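Visitor: Numbering-wise, the numbering used here puts 142 at position 142 of the sequence shown, and it's gapless, one number per residue.
No lab work stands behind these hints, which were simulated from the structure alone.
Accuracy of the hints is not assured; some may be wrong.
[Claimed, not checked] Dumping the calculated PhoX-like pairs for lysine-lysine here, alpha-carbon to alpha-carbon at most 25 angstroms:
id: 1; residue 1: K11; residue 2: K110
id: 2; residue 1: K110; residue 2: K24
id: 3; residue 1: K195; residue 2: K142
id: 4; residue 1: K125; residue 2: K195
id: 5; residue 1: K11; residue 2: K89
id: 6; residue 1: K110; residue 2: K142
id: 7; residue 1: K195; residue 2: K110
id: 8; residue 1: K66; residue 2: K128
id: 9; residue 1: K110; residue 2: K128
id: 10; residue 1: K40; residue 2: K134
id: 11; residue 1: K66; residue 2: K150
id: 12; residue 1: K128; residue 2: K51
id: 13; residue 1: K33; residue 2: K134
id: 14; residue 1: K40; residue 2: K110
id: 15; residue 1: K24; residue 2: K195
id: 16; residue 1: K93; residue 2: K122
id: 17; residue 1: K33; residue 2: K128
id: 18; residue 1: K24; residue 2: K66
id: 19; residue 1: K66; residue 2: K110
id: 20; residue 1: K89; residue 2: K125
id: 21; residue 1: K93; residue 2: K11
id: 22; residue 1: K51; residue 2: K89
id: 23; residue 1: K122; residue 2: K150
id: 24; residue 1: K142; residue 2: K33
id: 25; residue 1: K51; residue 2: K24
id: 26; residue 1: K11; residue 2: K66
id: 27; residue 1: K40; residue 2: K66
Every value quoted in this text rests on a predicted model; they were computed, and no experiment measured them.
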Amino acid sequence: MLEPILHLLNKQRIVLASGSPRRKEILSQVGLKFEVVTSKFPETLDLSNYKTHADYAIDTAFHKVKEVSDREAADLIIGADTVVSLGDKILEKPESDAHAVAMLTELSGKQHTVYTGVIIKKGDKYVKFSEETKVMIGDLPKSVIEAYVKTGEPLDKAGGYGVQGIGGSLIQGIEGDFYNVMGLPLYHFCQELSKLYDT
């Protein structure tokens, strides 16, 4: 979708305000040339101040972009934040193996929602949006959960699983954008970026 404007985009300094290897991989596959500048924003926003989990993710992404834009000059800065939501609860990255086991046990046999908030900053203009994807985790025996956690894959991922890795074998079904579960809703992102450069 970006092909008509790639020649314009790739003449600019584009910064991804995220250290996520998944987001880097997603952006790279569409031919975008960019630098990674990891945001130092501490991600300590109070969830109770937000009406929805999507709003929380958008605002976290905004603060990541703002922090990077305060110290880096770039034509375009991209930021995102992904949260896994089960009912009223947000499941962040697990803090330990035991926490990951508890998280996956809670997700087992249930559908949950993944929200990604995205910010694209071009000059003084901020484009903000979010994407929602439903994910159904199969009924997982305790032995499967414990063996998966021992692989180490869950520890740097919201919700305690990696859809693009071994964790994909735990997922019974997905409704919506697969890339959103990885950390960046690719189709929606390309749409919004194309609008910014529509001449």
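Visitor: Hints broken by the structure, by number, lowest first?
Guide: 1, 2, 3, 5, 7, 9, 10, 11, 13, 14, 16, 19, 20, 21, 23, 24, 25
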